[in-house]
Amino acid sequence: MERRDFLKLGGIVAAAGAVAPASSLLYASKVESKNGNKYGMVIDLTKCDGCGECVSACRTANNVATFPDEKINNHLLRIAHVKSKFPNSQEQAIPLMCMHCDNPPCVHVCPVKASFVRKDGIVLIDKHRCIGCRYCMVACPYKARSFVFKHHEGSSNPEVPKTMHGVVEKCEFCVSRVDHGQLPVCVETCKKGVMSFGNLNDKDSQVSRLITSGRVHRVREDLHLGAKVYYLGL
Amino acid sequence: MKIYFTKIDGKSKGMYALLAVLAIIAATGMYATYAMFAQGHYITGMNNQIPWGLPIAVAIYCIGLSAGSLVLSALSAVFGQKEFKPFARIAVFVAALLLVGSLLSIILDWGRPDRLMLPFLYLNPRSIFSWNGFLYSSYVFICIVYLWAMFTGRDSWIKPMGILAIIWAVGVHSGTGAIFGFINARELYHSPLASPTFVTAALSSGTALMILILVSTFKATGRFLDNRLIIGLAKLLGPFILVVLYFVTVEYVVRLYTPSTSEPTSFVLFGGNLYTYIFWVGLILLGSIIPCIILFNPMTKNSIPWIMFASLLVVIGVFCERLIFVLPGQIFPLNLFPDMEMTSDFMDGVITWYQVSVAEIAQGLGILSIVAILYIVGLKLFAMLPDEARHLDHEL
Amino acid sequence: MNKFMAKIVVLIFALVLLSPFVVNAVRGVMGSSATAIDLVLPESGECVKDKEYMRANHMDILKEARVKTVRDGVRIKDYSLKNCQTCHTNRDEFCDRCHNYVGVKPECFECHHFPTSKERKERCEGN
Amino acid sequence: MLSTCYTFSAYFAIVIFVLGILCKVWKYAITPNPLKISLTPAPTNAAGVILRVILDASLFNSLFKSNKFIWLGGCALHLALLIVVASHIRFFVSPVPELIMLLQTFLQSIGIFIGAIFLAPIGYLFIRRVWVDRIRFVSIFADYFILILLFCIGLSGITMKYFIRPDLVAVKTFIMGLISFSPEPMPTNPIFITHFTLILILLAYFPFSKLIHSVGIFFSPTRNQIDNSREKRHVNPWDR
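Residue numbers (our numbering), protein chains in the order written: chain A, 1 to 234; chain B, 235 to 630; chain C, 631 to 757; chain D, 758 to 997.
Source of the hints: derived by calculation from the structure; they are not laboratory data.
There may be inaccurate statements among the hints.
[To be verified] Short, incomplete list of chain D residues facing chain B, as computed with Cβ under 10 Å:
hint	residue
1	K825
2	F826
3	F870
[Said to hold, decoys possible] Using 20 Å as the maximum straight-line C-alpha spacing, the simulated EDC-like pairs for lysine to aspartate or glutamate come out as follows:
hint	chain 1	residue 1	chain 2	residue 2
4	A	K192	A	D49
5	C	K712	A	D126
6	D	K967	D	D813
7	A	K127	C	D680
8	A	K85	B	E497
9	C	K693	C	E740
10	D	K825	B	D243
[Said to hold, decoys possible] Simulated restraints, written as ranges between beta carbons of each label pair:
hint	chain 1	residue 1	chain 2	residue 2	range
11	B	A272	C	K633	51 to 57 Å
12	C	V646	B	G248	38 to 44 Å
13	D	F902	C	T719	48 to 54 Å
14	B	I237	D	E855	29 to 35 Å
15	B	K236	C	K633	56 to 62 Å
16	B	F375	D	F902	29 to 35 Å
17	C	L711	D	A804	54 to 60 Å
18	C	T719	B	A272	31 to 37 Å
19	C	K681	B	I258	52 to 58 Å
Just so you know, even glycine gets a beta-carbon here, dropped at the ideal spot from N, CA and C.
Can you build the whole structure from these sequences, using the hints too?
Spelled out as structure tokens, the structure:
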């Protein structure tokens, strides 16, 4: 090998060394929990009749920006009515919210790391840092995020901060309630027991038992995002 | 042949009138921006279904124009096309200005532009926006250094700076395309072809804009411009348009063929709605076919007015391409449950129309006016324009 | 320039240079200590740090607490804005008075709830 | 003791500052102009001259014509200085004007960068003085001193805003006490004391330093004379 070729080879190796850590950024990372908790939710659609009580409870409890114009009205939780295209098929009510993905596209695209995955798997927005570029809204496949288009009072629940004009909000599994050992508002409100919330890493938790009990699905599993909201009877 | 660069005189009544008109438009745009923050962003046409509207289209359009003009400026230094040397300075200058315009458009589109510095403080290496923040700001810096090298006659710098500038221009515009191409969630964005399409569209629109700017500036300042130089640029423009057309065709044919995207694509292409017109009339007919006919027809390809007309059409056509890129990806409801019918009170399963608002248009025009004002002031302050632009073999 | 003009020019410069004094004189606070402000501090108890430290550095503590709470989920008493409000009950006389005085505009209460005394009064009358 | 000392020094410095500048202004104003030496092209009426002086004082036209790079740095430095000084108005007026509050919210996010824009050109000027033989040869102590002084003032200011914070209320109370002649105790934050001391030195030194160019620019005969030597005969004052 001549000196010239050797240098060339060295250059290639060096370049590969520089690229390798960078390329690792492009692969999905696993969510690791510190205290071993990984929160998730199971929604039993066979019990849901789409009454919408969870939605109104969510709006009040989280000071969701509410405007009469439906185009700018914000939703953390919504109930979709889904029907197959076969004639005479039954309409199914499906509560939809942030799916708290393990590999959330919204977190990947955020230029300021305002969206992040907490150690226990809850995807959050740091609203003190959000610049309001709305890239996460474009990137989210579930339309889980809403931009606050205008100033709103939103003081229905003084215990919880509202979201200011110019930043993005979404379902956060009622994170302050979870941290204080309570259940998210929607889970607590639902009398029919449609929703259950708990630790996915705990084998004995209700959510884990439900997931292993039957055929659970997640919305758009084809995207491989690792959503942590599971649906029974989808 | 030595090229003498001089400042424009800039004392004519016409110029002051032009500046005054531009200043009024710019002020209106800034007022519209103020209103967005004072009253709320609901006064724009954007909503929770369509988070990105006209400002983003304007921004990526300006970046495209900028990247295109920068590549043109490097024609003489890097690609050995010495006859285009008279345009080198002005092309870099226009590139820097347009990038400033696009940055303005992006930042004023944010909900909280006062948090301007946060993207630099908290980098997210997985976010293409984070990368673009650095690409864009370093791009302006490279343009300025490149200009400085040309102004101070550092000839040994010019070629390396030109090469760097071209690499950066391609990187910047690939990055812009990747903003959309990386979005897995939206089928009409997700495409490996987004970046190459953006780069080629940048080349065609940048060349077209430079033709318009050069001819009108030389005419307005009463300087001599050799027709053969413009014809030379027009010779580049024709193939650029064809490449864009090719990429667009490939992209849309693939989307039509793929079952998951064929429905929205056919809605855009054959739905008989506004986007159909933007696509067929704006992009294909006005933006590609008519300019190609003009630029390849022996009767018209050497006539400056026809070339100007074709360039204008290309500039409009590429803007249509930007609109057709940004908007249809969002007007379609996200496909959460394939093959099912979905309704909710959050506009699920409904095609939402993007109704562009007066405020956004005023803001966009205002930003373009600011760019134009800076251009005129720049010509007055710095020796950007050559006294006369002659073809190399003029003396022969 | 003749002497008369020169005197006018000197006068103009004198006015500009002495404007802080002039503004204060016009506002009628000259010679009085009305400029100093009083803070209404809670009567009882200790804060997380001593008074001088809190006066100068409370924003750092709040910011650190904010990051810890939002990003790590640390919800202890010392890191809680709500816990501050248990002692410092009056926003007008505690937060706003200083902030308005030195011209600082914190954004905390655009989202977090801390009723001003006016709101508090309205709420009492309402009930 | 500290407070008394600083209160007296402050008044002393302010008196020197004001009287010094007024003396300079008087001297500049009565200095006769033997000739019309307006730098052409010059305006031919008074309004034009006022416009020209204002433009020159705000945009540094003549510097622009001589050196674009220094002009850019100078613009950045002076603009940053303007923003910083304007935001200091909040310590001198109570209640704080709405406009200053607006500027303040803006500075809360990017203030440190404004500070850097202020410091960088000063650093450049200092390095140039030390580095370039030609300039080092013509430099005297005062040239270095004023740069170091300004740099230290800026640095201590940034330190106070972002790292070692004084009690702002005490600072404002102290300053309001000074300007309303009812002295209040001095804040004891060491950085504030440094900043304040340096400011007092700057104030006392200002009328005798090269910083007096900020006043002198208005009296520069090449800029403030009307170009009407044909229309109106200019008589040399001591030939009258």
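**OP:** Sort out whether D243(B) lies within 20 Å of K825(D), counting only the CA atoms.
**Re:** Judged against 20 Å, a Cα distance of about 19 Å means the pair holds.
Subject >> CB-CB spacing for K633(C) and K236(B) relative to the 56 to 62 Å hint >> reply: 57 Å, holds
Original post:
That 54 to 60 Å hint for L711(C) and A804(D) (C-beta), does it hold up?
Top reply: For A804(D) against L711(C), whose Cβ atoms are near 57 Å apart, the range 54 to 60 Å holds.
Original post:
Is 48 to 54 Å right for how far apart the beta carbons of F902(D) and T719(C) are?
Top reply: 53 Å, holds
Original post:
Regarding the pair K693(C) and E740(C), is the alpha-carbon distance no greater than 20 Å?
Top reply: Holds - the C-alpha atoms of E740(C) and K693(C) are around 16 Å apart, at most 20 Å.
Original post:
Is it true that the CA of K967(D) sits at most 20 Å from the CA of D813(D)?
Top reply: Distance of about 18 Å is within 20 Å: holds.
**OP:** Determine whether the Cβ-Cβ distance between K681(C) and I258(B) falls within the hinted range of 52 to 58 Å.
**Re:** With a Cβ separation near 55 Å, K681(C) and I258(B) satisfy 52 to 58 Å, so the hint holds.
Subject >> F826(D) as an interface hint toward chain B, with CB separation required under 10 Å >> reply: 8 Å, holds
Original post:
Could one say that the CB atoms of T719(C) and A272(B) fall in the range 31 to 37 Å?
Top reply: With a Cβ separation near 32 Å, T719(C) and A272(B) satisfy 31 to 37 Å, so the hint holds.
**OP:** So, K825(D) near chain B? Judge it on the closest CB pair being under 10 Å.
**Re:** Status holds, d = 8 Å.
**OP:** Using the Cβ atoms, figure out if A272(B) sits within 51 to 57 Å of K633(C).
**Re:** 52 Å, holds
Subject >> Proposed proximity, D49(A) with K192(A) (alpha carbon, max 20 Å) >> reply: 9 Å, holds
The structure does not agree with the numbered hints 7 and 14 stated previously, though it agrees with the rest.
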